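**Q** For the sequence shown, the numbering used here assigns the number 1 to the initial residue and increments by one for each residue that follows.
Please keep in mind that the hints were generated in silico from the structure rather than gathered at the bench. The structure presented is a predicted model; accordingly, all values stated were derived computationally and were not measured. Backbone N, C-alpha and C define an ideal beta-carbon position, used for all residues, glycine too. Be a bit skeptical, because a hint or two may be false.
[To be verified] Ranges of calculated distance between the beta carbons of each label pair, as one might list FRET restraints: (1) 55 <-> 131: 21 to 27 Å; (2) 55 <-> 92: 28 to 34 Å; (3) 25 <-> 124: 16 to 22 Å; (4) 41 <-> 78: 17 to 23 Å.
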Amino acid sequence: MIGELARGQLAPLEYCYALDAALAMLGGTVPHLICRADELAAEAQQRLGQPATTPPRAGLWIEPDAPHLAADLAEFVRAIPARAPLIVVASQPLARMLPERRAWRGAALGLRPGGVARLCAALQAAGFVQLSR
1 MIGELARGQL APLEYCYALD AALAMLGGTV PHLICRADEL AAEAQQRLGQ
51 PATTPPRAGL WIEPDAPHLA ADLAEFVRAI PARAPLIVVA SQPLARMLPE
101 RRAWRGAALG LRPGGVARLC AALQAAGFVQ LSR
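Construct the complete structure from the given sequences, taking the supplied hints into account.
**A** Okay, structure coming up:
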């Protein structure tokens, strides 16, 4: 399954490592996925494989963005059980130094000053418990 994407669709190596770590934390559970970076969507789908045939028991949120923050949080609250794990992969400002990342569109929340703090506050307000950062 790994290696089926065309070279132009491959995610930067740093993001591949982040996705691998996120999937390891999920322990084989197929999560409810929201990916707000078009450049990472194909990579995420390839790593997840086939859609789950049962309701998701976890969530995976890749590159939360400012315009969709409230709607995406509401979707996760509806889609996954209470106290279920929600893994968030969010770039931070230094990611702008990656040549591949500079051309990406969107309003990734983690790239903005105070964006990760805003994301953490929104997650807590929605009832999610932060385990690590």
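**Q** Confirm or reject each hint.
**A** Comparing the hints with the structure gives:
Here the CB-CB span from residue 55 to residue 131 is close to 22 Å, well matched to the stated 21 to 27 Å. For the hinted restraint 28 to 34 Å between residue 55 and residue 92, the CB-CB distance of approximately 32 Å keeps it satisfied. Our hint of 16 to 22 Å for residue 25 and residue 124 holds, since their Cβ atoms are close to 19 Å apart. Between residue 41 and residue 78, the C-beta spacing of about 21 Å keeps the proposed range 17 to 23 Å intact.
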